[in-house]
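Novice: So the protein lines, in turn, are chains E and U. Numbering of the first sequence is given in the working numbering, commencing with residue 6 and proceeding in unit increments. Numbering of the second sequence is given in the working numbering, commencing with residue 6 and proceeding in unit increments.
The hints are simulated quantities; they were obtained by calculation from the structure and are not laboratory data. It is possible that part of the hints are untrue.
If several chains are the same, the list does not tell them apart, and a pair holds so long as it fits within one copy or across any two.
Derived lysine to any residue pairs resembling SDA-like cross-links, with alpha carbons at most 20 Å apart [to be verified]: (1) K151 / R70; (2) K219 / S58; (3) K219 / G59; (4) K219 / P206; (5) K151 / T73; (6) K151 / N75; (7) K151 / L10; (8) K151 / R55; (9) K219 / P193; (10) K151 / D71.
Number of protein chains: 2
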Amino acid sequence: MSQLLRVQNFNVTRDGFGAGENQSLERPFGDADPGAMFAWAGATASWPARTDSGGSRGLDDYFTRDFTRNIGAEIMGRNKFGPQRGPWRDHDWRGWWGDEPPFHTPVFVLTHHPRPSFTLADTTFHFVDTDPASVLDQAREAAQGKDVRLGGGATTIRQFLDADLVDTMHVAVSPVELGSGSRLWESPDELRDRFHLEVVPSPSGVVHHLFWRK
Amino acid sequence: MSQLLRVQNFNVTRDGFGAGENQSLERPFGDADPGAMFAWAGATASWPARTDSGGSRGLDDYFTRDFTRNIGAEIMGRNKFGPQRGPWRDHDWRGWWGDEPPFHTPVFVLTHHPRPSFTLADTTFHFVDTDPASVLDQAREAAQGKDVRLGGGATTIRQFLDADLVDTMHVAVSPVELGSGSRLWESPDELRDRFHLEVVPSPSGVVHHLFWRK
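Okay, chain E solo, but in the shape it has when bound (with noise of 0.2 Å):
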């Protein structure tokens, strides 16, 4: 079996965007709701924040215990990374989840300004200036044999689109509308000239849509 690169758990909004505008510190996804976007997921027994026993183990919860099946390493954007632009002014930032971050893999961020890698427990995050291809074969050979997900945001899951590069796409929509931001589609029907697509509505309210090369 060869290693696939695989979308997982990417949410977007019934109009289309991953996130909004106006990404800062305090507001990861800019103008989108966090709470509205993933409240689905956060709901579920194994969400990896989850401190207590409970949770719902249906539907929703097979996605959020699929997310770190057979993965060996993460290719995110830099905006997944972090809110800054441009050159690093230092490198105090160390990403948005703390001193243990849910990858628990190498992390490869694609950035025009690379930095030294560094390690936050048995996550390491690499910085690299290269094209999709060039990334996911480094990411590839960090794996060790087993699958990469791509972590997106929106636009970064764009690029590895147009260059063919994504074998398989799990894409939550929510029930809430945004109007502009990082946009990942105008409709989900644009991929099925190259996917299969499975839409399966939810009992939470978001809808799964499951892609798979044709």
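Starting from the known structure of chain E, arrange chain U on it as the hints suggest.
Specialist: Just chain U, lined up with the frame of chain E:
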């Protein structure tokens, strides 16, 4: 997190039967047609017996690939293990699954006719004549902190439901009718007093039923 007892990928007909009458060496599911009941699972990329790189990666694949996640032992009834009834004539029978059973963990077979344990590849079968709570204790110890899968058949699952030992249950209801056989339920609604229930239709035609304790 405690060790759950989980039913995974158990199949029943629309009228509630897990298998038909007249089980035999040639017909593990008796009068039921396994092709019609299990086609949804066999079509997925993660089906354990798949030897090519094809298969669907939609909703149904989430269920097949979750089969082994965090499972440390299985409990099954004797009729899942084999077609024999009564005392063993000999110990030549080693299950339906050939030299590499798909369990990869200790398996506890409930039977009134114990026989010595044996190992095939990374699966060891134990034979125990006891009650559901006691075999669950044994399986939890063998699972070393992981969950325990309750493998069926329907009669065995009923025993554990009646003893209120089941924590989560995934049952795939196939669009076929059987009329008689080994019955899991008259209706899944029977369990709503004790369990949350999500009913998720799949594009393949099966309807996934997901239960977890209230």
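Novice: Need the list of violated hint numbers for this structure, in ascending order.
Specialist: 4
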